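*Asks:* Chain E with the ligands: place on chain H using the hints.
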Amino acid sequence: MSLLRYEDRPVDIRPGETVLEALLRAGIDAPHSCRAGNCQSCMHRAIDGAPPPESQSGLADAQRAMGYFLPCICRPTTPLTILRPDDLNASLEAIVRAIDPLSEDIIRLRVEADGFAYRPGQFIELSAGEDLRRHYSLASHPEEDPFLEMHIRLHQDGRMSRHLAETLQPGDKVHVAGPSGSCFYEGVNVDQPMLLIGAGTGLAPIYGVLRDALHKGHRGPIRLYHGARSRKGLYLSDELRALSDARDNFNYRPCAFDPSAPHGGDVAATALEAERNIADAAIFLCGGENLVKRLKRELFMRGASLKNIRSDVFTLSG
Amino acid sequence: MSNLYERLGGEAAVNAAVELFYRKVLADGRIARFFDGVDMDQQIAKQKSFLTMAFGGPNNYTGADMRNAHKRLVAQGLNDSHVDAVIENLNYTLRDLGVGEKEVKEVAAIANSVRNDVLNK
Ligand SMILES: Cc1cc2nc3c(=O)[nH]c(=O)nc-3n(C[C@H](O)[C@H](O)[C@H](O)COP(=O)(O)OP(=O)(O)OC[C@H]3O[C@@H](n4cnc5c(N)ncnc54)[C@H](O)[C@@H]3O)c2cc1C
Ligand code: HEM
Ligand code: FES
Chain H
9 MSLLRYEDRP VDIRPGETVL EALLRAGIDA PHSCRAGNCQ SCMHRAIDGA PPPESQSGLA
69 DAQRAMGYFL PCICRPTTPL TILRPDDLNA SLEAIVRAID PLSEDIIRLR VEADGFAYRP
129 GQFIELSAGE DLRRHYSLAS HPEEDPFLEM HIRLHQDGRM SRHLAETLQP GDKVHVAGPS
189 GSCFYEGVNV DQPMLLIGAG TGLAPIYGVL RDALHKGHRG PIRLYHGARS RKGLYLSDEL
249 RALSDARDNF NYRPCAFDPS APHGGDVAAT ALEAERNIAD AAIFLCGGEN LVKRLKRELF
309 MRGASLKNIR SDVFTLSG
Chain E
1028 MSNLYERLGG EAAVNAAVEL FYRKVLADGR IARFFDGVDM DQQIAKQKSF LTMAFGGPNN
1088 YTGADMRNAH KRLVAQGLND SHVDAVIENL NYTLRDLGVG EKEVKEVAAI ANSVRNDVLN
1148 K
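Those sequence lines, one after another, are chains H and E. If you count the first sequence from 1, you need to add 8 to reach my numbering. If you count the second sequence from 1, you need to add 1027 to reach my numbering.
Be aware that a few hints might be false.
If the Cβ cut is set under 8 Å, some of the chain E residues that face chain H in the computed set are [stated by the list, open to error]:
| no. | residue |
| --- | --- |
| 1 | Asp1068 |
| 2 | Lys1073 |
| 3 | Lys1075 |
| 4 | Thr1079 |
| 5 | Tyr1088 |
Hint data in this document are derived by calculation from the structure and do not stem from the laboratory. Computed from a predicted model, the values in this text were never measured in an experiment. Glycine included, each C-beta is placed from N, C-alpha and C at the ideal position.
Same shape as in the complex, but just chain H (with noise of 0.2 Å):
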């Protein structure tokens, strides 16, 4: 039996040799460029094996947890299937529970899908019919709750979002593919600051994160801003108030668009002003691509480790 799995194929792989080197030699067209386990073109996932501790230098710890390593310096020693870094696990049925507004144009969806494993903070993609797929970030936590958590933005003419909100009934049924992403708690030091920012449904994730780092008994300060286009769209900000009412280490600053507040009430500028330290903060960023790449850079330039910054970007895929 072959050490290597690709896919659902086994993949020969001769003693001393890479699992870059032996894709190759199948004929796979792997991506490689240094191969020597710097560039991390060639970067894969092992679904199941441990990859050798080696093969993963130089990953986040995030990308470690979920199994990410390098072909170019990987020399398996035990069983080992890999997929595409991009690839996903096979999807799963799931049977809608329950749609709820959270705000004006925010819907709140749950679904039931049994054995689906993830870490709050990741996103699935959701699947409701044959060419209806998008992503949707999980604010569930799986010890926590029976179901899939997400929250939904609906757009004007937004095919999966009115879908959602208008078609879709408690019962029926959806599909749901993943996880992936790294925006998760796991690998967070409980003693490490953490600056978490949300803009819109990018509350979902963060929300996520939050609700691990205090299930696992965080104890180092937590700072949540979560920025919206308008007041009303700063969904569940009773709970997030009420739990920052109640917690020294929690502190929740919302932020809407108001041409009177203090940088006009936007999120980005008054997190960036408020935040001066941040060297060692394990930050979390999730919203529109221009936020997160605008608060990654300023954050990165200021001493942050990129490292010790996640972030997803809500790319609109109509």
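*Replies:* Only chain E with the ligands this time, still in chain H's reference frame:
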């Protein structure tokens, strides 16, 4: 006498230098634009490749690889002045880390040695 890469401290030295170097590059108006548009996490991995190579460490890059990696940039106007700027930032980074002048010069010389490939000359 151990080789340059070992004298500098190997992979740990690359790790210590990479974010410092990348910050300097992004703050340098002469060259920052070449690094825009590429995802920062991917970019930092490429910077690690660059530093490993310049430190004389293990890599398998060929001249053709260097030509390919920078072809897109040459089309955007990459020239000798930009290579000079990158090497300058590299020198500052090493000095910040307390690397001796002898090693700083050796690193600069290795980076400089691929100039023609980088510029697709
Ligand atoms: C990693 C990731 C995580 C995500 N997590 C979330 C999440 O937690 N919550 C969330 O709400 N979203 C999330 N998204 C975004 C989500 O995947 C969808 O893109 C979003 O819900 C829009 O899907 P839709 O089918 O409703 O709209 P689409 O039909 O895809 O339309 C998108 C936008 O384009 C406009 N549009 C459509 N057709 C046209 C046209 N012909 N011309 C001009 N404009 C047009 C629509 O009005 C709409 O504003 C995430 C995305 C990614 C990549
Ligand atoms: C001085 C000599 C130089 C060396 C030794 C060098 C080395 C490298 C290496 C090893 C890579 C990674 C290639 C890969 O694995 O894909 C790379 C990529 C890159 N280099 Fe250089 N480089 C040099 C000069 C420059 C200069 C002057 C610039 C721009 C000002 C530059 C900009 C880039 C960019 C943007 C990439 C990423 C390309 C991409 O991913 O598309 N480099 N370089
Ligand atoms: S090819 Fe560069 S890390 Fe594997």
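*Asks:* Does each hint fit the structure? Answer for all of them.
*Replies:* Comparing the hints with the structure gives:
no., hint, verdict
1, Asp1068, "6 Å, holds"
2, Lys1073, "6 Å, holds"
3, Lys1075, "5 Å, holds"
4, Thr1079, "5 Å, holds"
5, Tyr1088, "6 Å, holds"
Comparing the model with each earlier hint shows no violations; every hint is respected.
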